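Participant: Spelled out, the chains give:
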Amino acid sequence: MDNATLKERILGLVPEAEFQENKQFLMFVVPPSAMHELSFALKHEADLAFDFLFCLSGVDMVKYLEVVYHLESTTHKHQLVLKVRTADRENAAVDTVCDIWRTAEFHEREAYDLLGIRFNNHPDLRRIFLEEDWKGYPLRKDYVDEVNIVEL
Amino acid sequence: MKEGDFRDNETLELFKKSGGNILLTTIDAMIDWGRSNSIWPLTFATSCCGIEMMATGASRHDFARFGIEVYRASPRQADVIVVAGTIVNKMAPVLKRLYDQMSDPKYVIAMGACAVSGGPFFYNTYHVVRGVDHVIPVDVYVPGCPPRPEALLYGVMQLQRKIKLETMGDPRKTEELTR
Amino acid sequence: MKEVINLPVRNIEEEEYHINMGPQHPSTHGVLRLVVSLQGEIVKNLKPHCGYIHRGIEKMCEKDTYPQIIHLTDRMDYLSAHINNHAVCMLVEKALEIDVPERVQYIRTIVDELNRIASHQLWWCSFGMDLGGLTCFFYGLRDREKILDIFEESFGSRLLHSYYTPGGLMMDIHKDFQKNVKDFIKYFRKKIKDYDRILTGNIIMHERTRGVGFLSKEDAISYGVTGPSGRASGFACDVRKHHPYGVYEKADFKEILLPEGDTFARYMVRMHEMRESMKIIEQLIDNIPAGDYSAKMKAVIKLPAGEYFQRVEAARGELGVYVVSDGNKTPLRMKFRSPNFSNLGVLDHISRGCKIADLVAIGASLDYVIPDIDR
Amino acid sequence: MNFSIYDFTSFNQWIDKFLNDNLNPFWAVVVELTIIGLVVLLFYALVGLFLVYAERKVCAFMQNRVGPNRVGPYGIFQTIADLFKLLMKELIHIKSADTFLFNIAPFIVIIASFMAIAAIPFAKGLHAIDFDIGILYVIAVSSLGVVGVLLAGWSSNNKYSLIGAMRSGAQIVSYELSVGLSLLTIIVLAGTMQFSQIVEGQANGWFLFKGHIPAFVAFVIFLIASTAETNRGPFDLAEAESELTAGFHTEYSGIKFAFFFLAEYMNMFIVASIAATVFLGGWMPFHVGGWEGFNRVMDFIPPLFWYFGKTAFIIFLMMWFKWTFPRLRIDQLLTLEWKYLLPINLVNILIMAFVVLMGWHF
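So the protein sequences, as listed, match chains A, B, C and D. Start counting the first sequence at 1; every next residue gets the next number (the numbering used here). Start counting the second sequence at 1; every next residue gets the next number (the numbering used here). Start counting the third sequence at 1; every next residue gets the next number (the numbering used here). Start counting the fourth sequence at 1; every next residue gets the next number (the numbering used here).
Just so you know, these hints were derived from the structure itself, not from any lab. Among the hints, a few may not be true.
Below, a list of computed lysine-lysine pairs in the DSBU-like style, where the Cα atoms sit at most 30 Å apart [said to hold, decoys possible]:
hint : chain 1 : residue 1 : chain 2 : residue 2
1    : A       : K77       : C       : K279
2    : C       : K217      : A       : K7
3    : A       : K77       : C       : K298
4    : A       : K23       : C       : K47
5    : A       : K23       : C       : K298
6    : C       : K94       : A       : K135
7    : A       : K23       : C       : K250
8    : D       : K95       : B       : K106
9    : C       : K250      : C       : K146
10   : C       : K302      : A       : K83
11   : C       : K94       : A       : K63
12   : C       : K175      : A       : K23
13   : C       : K329      : A       : K141
14   : C       : K241      : A       : K43
15   : A       : K83       : C       : K217
16   : C       : K296      : C       : K63
17   : D       : K17       : D       : K95
18   : A       : K43       : C       : K329
19   : B       : K96       : A       : K135
20   : C       : K279      : A       : K23
21   : C       : K217      : A       : K77
22   : C       : K217      : A       : K43
Treat the numbers as computed from the prediction; the structure is a model and nothing was measured.
Sequences are here, hints too, so could you generate the full structure?
Facilitator: Here it is in structure tokens:
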């Protein structure tokens, strides 16, 4: 499926999705509430069949926190990027997609560990790299650690 | 390598000149000979330097020549822990515990920039121990990122040199003198 | 009347106990910790605990310029250092829309493939060692030294080279590079037969690996298992074929796909891949065009604001680099989608019901490099 | 009084006579026992040290390395340096371990291997004791070692140790059958369990060649089973370095660990000597029945040389196995024994009995 029809198709599924210009990928910002449903459709509808989540990253854009999903279909070879934004920095929470793409389980734990984005319904949401009693989320822009960080 | 080449300073040997009881020094010499020629390392590597440590043990460099052949996986049976790679905050207690589990006499070689000082991960990072000597006492530092196998061999020879100065009466004497 | 004591009935058949494999354990190839629940010798489930070598590379990247970042990527998956460098370099070149000289593309491709062979050789040693055949370890490392000699001659370093820079290479290749590479291929074509003789054809090895740790194609895709491990399950995920970069389009090579999905298939894919890599190098080595070894670059590299993603096929799978730039000389966010991190996720799924010895074999066949998992 | 390196009987009788002439019979026996004990102990230590060195050199040879070469010429003093170091190393006491069993385990292992040496004939007249049930004795004693291994694994209070010990227990109990049955095949042929008579019986050809195919099958089975019984690769599941760090001796340090280490090599020596004695004629030179001239020439080479040559050959074979093959899994190990080796062995004995009854052997 080429990008133009794919765009129509996505907008048909989630009308409130916001299209973003990018040279490389077709990119949408999706409201958090619609994400899980959309993911399910993306994976299971035969003409879309996005079965390979090749990257899941959390980003701190200062104004809001963002989770970026890079998707590819191994049958149709088309790619898609979805973004979910949350402005709440204290209790950032997004629905998990690890029941759809199993690889998300580890990537979501990483995003939780380093950026403090909680994933609802995640089966095992613990810190993955840092100790359980670590304070703060190091990849956030406002993270300060006087003890451990030597600034250059 | 000829003996003179790795003995490029005489400081260590000067300490030995103070003399001692003939019986004790003979026994010392025997034990030190045994210890220095049979240094069994612990199978322990955290990152890149571990690969160079493996290369040191492999066919071309072969540090079995020096009696460092038997890699022991159990810390109880190892003599030297070669800290090959970065130590992070989460790993530091584990490393300390490994060191405690080893039986005396035990030695530590800090291999690579990360183990010596934090190396490339010194600045701007939140989870790195800047030098393994914050956690356990180090006998020999081998710089490099990663050090070549020859460098590790040189480090091991220096450790052998250091062990040869131990005395039974005061096993930690060398450590104080060289500090 | 005697007092009846009701002891709780203990069903010993169902009782589990836990052992900690790692952080210091010979089979975890570093400092991975696996908490394994066992029933007798049978693995019920396991929980990987990472982070024992988490150095915060992604955080460091946010303070570093792009040429500096290249040096950090070396230290993630140190066994495919060149390929990691390649990813970042291509990403910068793509963002700045720089045309890289043809010569650079050829050299990069050849060096990548040499690096892949070296990495697979090391995997082969550790695989043999984990199965208990210690001699494999020495055979593999012996041949790896030959590649390291070539690297050292041209790039001045054995393991971490940082040879690629945005726009080109650090320096030109050594004048003997082509001859040495051809000599190596000739040498290794002979030696790889020894590998087959000592391990591939061994009946104990077949018994230990066939049918062990089965991973279906659907699961491989869902768990994001890429690289040789994914291709052993029939998941066509070779980035070199599907999203070509460098000069892979000009080379004729096969994407090795095996349908079995067990440990032995993962072994065979890597063995075939070494041969395919040699084939690629042979096709390219004589055709390196003359020219500059680097494009003209500005002294300070600033990526235009936006998002960029670059995928390459590292020795262990697909490496993705995701950059969010705000137009400064340092990135706003840099994320590495490291192949080992995703591959580790599947370990629990495929090792359930195996013996401890199988777990070691599965771990060896997934070939994880811990600093790449933890970054 | 004539001593010769071909026959030690007169030498022994001379010592016995000398002692009995000078002391009363009780003290003569005490002195004799002491001498034998010291000689065996010395021999044990020397063989152990040499085997460790030999293994290092053999594995270095197989792995394109040089092996130890800094301590003395060709590194021959390497193992002595190791010994000094291990002697002086700290013995760790583990709080949660069963102290008594933990301490006694290495001694059980080493005593078991020590006792087995007593019955082995090194040359004509050169053995500590010549039981009429020698083979039974050696099998019985050498399998005692597993008690030590089990105790070591259990008392260490370490899960790796326990798994290693359990594996070792299962393994030795199973493979003991094959060892016993394959030796039984030869006993059927030889008609005796006494080592001296077994050796004498091979004066006109080794049992390996005399016994047709059944003897050869028994030899192969014995090699496999005895390698498994000594816990050496590819059957080193009890230690399984890549799985269980160091298996049953994970918690042992210093000289106690050295005991396990030494016992492994001594067990290897013992099974190699048994194989050499039972299948390859022990100290008996290579004879072919009827070729008198040839046999004379062979007799010229001293029996000790024959004995150690054969043993070294079998030890080299076992080292070759270890450094070539990957390790088996526990279920495959037991499958190999119970489903393949044991039935083959049983059939083999029947065939051998048939061969002996019909007088088809040479």
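Participant: Now look at each hint and say whether the structure bears it out.
Facilitator: Here is what the structure says about each hint:
no. : hint             : result
1   : A:K77 to C:K279  : 27 Å, holds
2   : C:K217 to A:K7   : 28 Å, holds
3   : A:K77 to C:K298  : 36 Å, violated
4   : A:K23 to C:K47   : 40 Å, violated
5   : A:K23 to C:K298  : 23 Å, holds
6   : C:K94 to A:K135  : 38 Å, violated
7   : A:K23 to C:K250  : 25 Å, holds
8   : D:K95 to B:K106  : 21 Å, holds
9   : C:K250 to C:K146 : 26 Å, holds
10  : C:K302 to A:K83  : 25 Å, holds
11  : C:K94 to A:K63   : 27 Å, holds
12  : C:K175 to A:K23  : 40 Å, violated
13  : C:K329 to A:K141 : 17 Å, holds
14  : C:K241 to A:K43  : 24 Å, holds
15  : A:K83 to C:K217  : 27 Å, holds
16  : C:K296 to C:K63  : 25 Å, holds
17  : D:K17 to D:K95   : 54 Å, violated
18  : A:K43 to C:K329  : 38 Å, violated
19  : B:K96 to A:K135  : 23 Å, holds
20  : C:K279 to A:K23  : 34 Å, violated
21  : C:K217 to A:K77  : 16 Å, holds
22  : C:K217 to A:K43  : 15 Å, holds
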